[in-house]
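Chemist: Respectively, the protein sequence lines represent chains A and B. So the first sequence is numbered by our numbering: it starts at 1 and just counts up by one. So the second sequence is numbered by our numbering: it starts at 397 and just counts up by one.
These are calculated hints, taken from the structure and not from any lab test. All of these numbers come straight from a predicted model, not from anything done at the bench. Any given hint could be a false lead.
Cut-off 25 Å, straight-line C-alpha distance, at most; resulting in silico cross-link-like pairs (BS3-like, lysine-lysine) [claimed, not checked]:
(1) A:K125 to B:K428
(2) B:K829 to A:K71
(3) B:K421 to A:K71
(4) A:K257 to A:K310
(5) B:K790 to A:K71
(6) A:K276 to A:K177
(7) B:K829 to A:K368
(8) B:K758 to B:K827
(9) A:K257 to A:K195
(10) A:K325 to A:K276
(11) A:K368 to A:K71
(12) A:K211 to A:K276
(13) A:K205 to A:K125
(14) A:K365 to A:K125
(15) A:K365 to A:K71
(16) A:K253 to A:K90
(17) B:K829 to B:K428
(18) B:K421 to A:K365
(19) A:K125 to A:K368
(20) B:K790 to A:K276
(21) B:K428 to A:K365
(22) B:K421 to A:K368
(23) A:K276 to A:K207
(24) B:K827 to B:K790
(25) A:K306 to A:K257
(26) B:K790 to A:K368
(27) A:K350 to A:K207
(28) B:K778 to B:K758
(29) B:K790 to A:K325
(30) A:K211 to A:K125
(31) A:K125 to A:K294
(32) A:K350 to A:K90
(33) A:K310 to A:K195
(34) B:K778 to B:K790
(35) B:K790 to A:K160
(36) A:K71 to B:K428
(37) A:K195 to A:K138
(38) B:K428 to A:K368
(39) A:K325 to A:K205
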Amino acid sequence: MAPLVSYCGGFQLNTQSQKAMGLGGSITGLALDGSVVFFNPAGISFLDSNYVNVGINLILPNTTFLGQYSKSEEMASQIYAPYYGYLTYKLKGKWSTGLSINNPFMLGAKWEDNWSGRYLVQEEKINTTFIQPTISYKINDHIAFGVGPAFVLSSFNFRKELPYSNINGSEASAELKGNTTGIGYNAGIFASYGKFTFGFDYRSKVKLDFKNADANFNNVPPSLILNNTIPNSTSFNTTINLPSVFSLGLGYKFTEKFLLNFDLNYTGWSVYDSIKLEYPDYPSLNNSSAKEYKSIVTIHLGAQYKSTEKLTLRAGIAIDQSPVKDGYLSPELPDASRFIVSGGITYRIKRHLYFEGTYMFESVKERKETSNLYNNFNGTYKTYLNHIGLGLQYNF
Amino acid sequence: MDFNIISKKILCCGIVASLFIVGCKPALDEPKASAGTANFSRFVAVGSDLTAGFTDGALTLEGQQNSFPAILAGQFMAVGGGSFNQPYLSNGTGIGFNATGNLVGKLSLSSSINCLGTSSFFTVNATANPNDLQWLGTQTRYNNFGVPGAKSFNLESQIFGKSAPVGNAFYHRFATDTGATSGLTSTVLGDAFKVNPTFFSLWIGLNDVMFYAQSGGNESNISMNEITPDSIFNASLNRIANSLTGNGANGIILNLPSIENIPFFTAIPYNSLILTQSQANALNATSPVGVSFKEGANAYVVNVNGNVRQLVEGEMILLSTSVDSLRCNGLGTPVNPLSTKMILDLQEVSNIHSAIASFNAKIKDIALTSNLAIVDANALFKTMTSGIVFNGVKYSTEYISGGAFSLDGIHPNSKGYALIANQCIDVINGKFKSTITHVDVNNYSGIRFP
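Model the full structure from these sequences, guided by the hints.
Modeler: This is how it looks when you write it as structure tokens:
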């Protein structure tokens, strides 16, 4: 099986709300629940009550790789579980406030330890948690503005084999890990005219500087430690740039029960140009891998139907481009354009308490790399992702 | 059925199927290997050290198992290839011969604090098992006729199957006739022909130059170390190719690498004498006219018939030169100049170049006239000099750190042989419209660091 936890191209997730997932990620022009704090801070002003939303998504990725040999290889079975929590609260007058905690970017790849790309990656994880306190101001009945700073916690770890064999023929390996914090912001405008709703949201890029991260090298032949080729452990610095996301959403309420929303996202992946590892004490280990991502556009379409007082149904589709250019496709993130379908429900359990569930399927198009420019690791990748989302909502 | 399995099935397959989307695991079409127009049922490899799987200064069982023809034969299995028998040694340290002709086992890498007080590598020979030299008898038909030390004309020699030093110890082991009754032995080519090959590889000629190169240009005037004259090489190659294609077999022929692309000749650069200003001053005080040193990198010094001079660009120091003496005992300085046996001067390098150029021209010619697929090993080694990245691992001709050559600096290790096998597969696929898959070079054994 395969783990490439990503949705929306690159390693951006759009699993921060059951409703958003159920609508195929089409949410910027709607104010449906507490997730507006993240998707469009101005939408808080248009909510019908105060909201608490919490949830978790299980992501089950499957990637198959076929290299230049006749046998295909599959990623190891993994489950990733991004979560979210939102709170909105209407203040006196025209002000509203909210808090968002979620994991907008996550990358996971775990291949078998002895697979053919083991010198590139055996396992990689990047996790981010965004904590965003937010305020929103309703200018008039038609338009509101919202903004909040995003405090970002991030961790990553990375393992790969090193081509240094000891006297018994077993090889050395590298294990890199680090934690850091970063800061960004989220700003949005929400408007409502008759049956139309309109949203515009901008989430800034976030620079994550990892200083003094840990590099551990295992099973290194003693002679290579003695002659300073590789140490047992040392520290290194690196930077990961998370992209800005610009979203436009347009909602239309056909009836009280039925609405549609169309979203367009522009993700500024071009900031993810290369990953440089710098080892202050071992400059010979420094390396830079070019990513050269390009910015991408994603299109989402979702529909919601309130079938009974207790049950609301949703369905959505989305089409994604991939930020990864030909020549840079590699097994840390074997990305390609995607087709996404989803369906979800909200079910009222008690007067103010709702259960929400979503299923989403992503098909990442089969993609062949014929000449990777920096690792010459070539072959065909194909990925499916299954998402199962569970959430609770409380209104007050 | 436990809950996990049931729930997985429901979550994964059930829901997906209900959404009209294909199955859970993405499947990719695995290519079917085909033989194309070639017939690999009886594959025979003819050649020298490089065909036998010679590595780390010796022929070992592991080296034989990972010889480039054995790797090829493994891939041919998927397209109708038959078994590939080799005259295997016992599982041990192998057999080789050092510069003075003594039986030794394979080299291994050691590390110690050198005369400068820093950690560095050196190689040591293991002890060989003399039983491995014994004749294997006539029972088995072999497929690998790679004979370490063989030159082109040796393949037809009727004394080559005698025991060393008259014959060749490696061929003697598996010659069908060691000359016990007639005085004349079987020949490598004759034995290969008996297998009635349908497909063959031929890589011969490097020893026709390499003995000269390794001896520093045959300074001792030993006839064995002379470069084979073109006329002899050409005639031998004609007869070898005619014989191997006699029954209609297809085959590949590999050309010869240049010595610039072999670590034995490049590991110690001519100008790698590193001096401080005071060391340079001290040497200059006693240096003969025309020899001078400066701070930093300097050319080493050689004694040519009593005349001491510094090496010039293009000249080469052999890897067999004592690195510790270069480091600390003043070897290569006016105090203790290099001998001409330790180096190749410009004339000798030029002799080697022109021999390899004309041998390669002949190999190309034979490939055309005999309709063989030509594998440009010369280009492969040249590319490797700047580095070949395979599945994220860089291989180069750097001694030890390059990863593709064995500790003797001349022969590839198993990873290097796998790179060669992949090159052969590309050429075979191109010529015979076959679809044979590559091997994963990284899975083969390489340098083992202490």
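Chemist: Which hints from the list above does the structure break, by number from lowest to highest?
Modeler: 1, 24 and 27
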